[in-house]
Amino acid sequence: MNIHVQTLNAGGRLTKLRHTIEEASRLAIAHVTEYIPVDNVDIIFYDHPQRAIEHLGFGGYSLTDNLVMIPVNPKFRNLEIRLKEKFVRTLSHELYHCLRHYTYAKRHTLFESLMNEGLADHFDIEINKSEPEKWDTALDKTQIEEWTNRAKEEFNSYDYNHQAWFLGSKIRNIPHWTGYSIGFSIVGKYLQKHPDKKPSHLYNVEAKEFIE
1 MNIHVQTLNA GGRLTKLRHT IEEASRLAIA HVTEYIPVDN VDIIFYDHPQ RAIEHLGFGG
61 YSLTDNLVMI PVNPKFRNLE IRLKEKFVRT LSHELYHCLR HYTYAKRHTL FESLMNEGLA
121 DHFDIEINKS EPEKWDTALD KTQIEEWTNR AKEEFNSYDY NHQAWFLGSK IRNIPHWTGY
181 SIGFSIVGKY LQKHPDKKPS HLYNVEAKEF IE
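Going by my numbering, the first residue of the sequence shown is number 1, and it counts up by one from there.
Derived from the structure by calculation, the hints contain no laboratory data. Virtual Cβ for every residue (Gly too), placed ideally from N, Cα, C. Be aware that a few hints might be false.
Claimed, not checked - Across the chosen pairs, the derived CB separations fall in these ranges:
1. I81 / E146: 24 to 30 Å
2. K75 / E23: 18 to 24 Å
3. D39 / K152: 33 to 39 Å
4. H4 / K170: 36 to 42 Å
5. K75 / K152: 27 to 33 Å
6. K75 / T142: 28 to 34 Å
7. K193 / R26: 21 to 27 Å
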């Protein structure tokens with residue numbers, strides 16, 4: 001296996017976390033690779049509180065098929081415990097993106113982005129037996145229907161505003177985490193209709209297969 005973990009620590013604020021980072025990463029990599037054939041990835045931890053998810057103390061994003069970035073807030077309370085308990089979920093999500101080639105290095109339509117996010121979180125739930133993340137259920141059923149219909153107008157667009165659809169927009173009145181919730185809902189309905197299929201088996205299925 002060619003998956004490596006590195007910590008960028010010139011400022012020294014991640015020194016006390018090194019062992020926890022290495023151990024949490026080792027366990028998470030071993031777990032995820034039991035389910036999907038992901039390989040050849042560098043995982044980079046770095047000190048950047050502003051990019052960390054507020055309620056987790058760290059975040060994650062896939063820059064390329066071979067590079068996952070993990071921003072960390074070293075001042076987050078009980079960060080070591082959070083990493084031990086929750087990091088496997090983040091890495092499950094990001095390594096799934098790498099395998100599906102859903103990264104910052106490539107352009108995607110809005111619908112492709114919705115499906116990739118939905119699949120990654122359903123994969124996390126499948127292998128970690130976890131509850132949906134906050135962003136998966138940020139909208140109620142009425143909102144899901146309303147915003148899915150509005151999103152359909154941009155489904156095939158490569159020029160959609162990712163920030164607006166996934167993190168919200170006051171100008172367009174798009175609620176926070178709308179894209180994540182829509183994608184999670186669409187993939188969830190697909191899995192209900194196809195109980196024989198699991199996200200761990202859908203990593204090479206094109207987004208168009210999820211169009212109702």
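So, going through the hints one by one against the coordinates:
Checking the proposed 24 to 30 Å range against I81 and E146 shows it is violated: the Cβ atoms sit about 38 Å from each other. Checking the proposed 18 to 24 Å range against K75 and E23 shows it holds: the Cβ atoms sit about 21 Å from each other. At roughly 36 Å, the beta-carbon separation of D39 and K152 lies within the given 33 to 39 Å, and the hint holds. H4 and K170 have their C-beta atoms about 40 Å apart, which keeps the hinted 36 to 42 Å range intact.
Remark: the range hint 27 to 33 Å for K75 to K152 is contradicted by a beta-carbon distance near 42 Å. Judged by the Cβ atoms, the range 28 to 34 Å given for K75 and T142 is violated: they are separated by roughly 39 Å. Taking 21 to 27 Å as the suggested C-beta distance range, the pair K193 and R26 does not conform, at roughly 37 Å.
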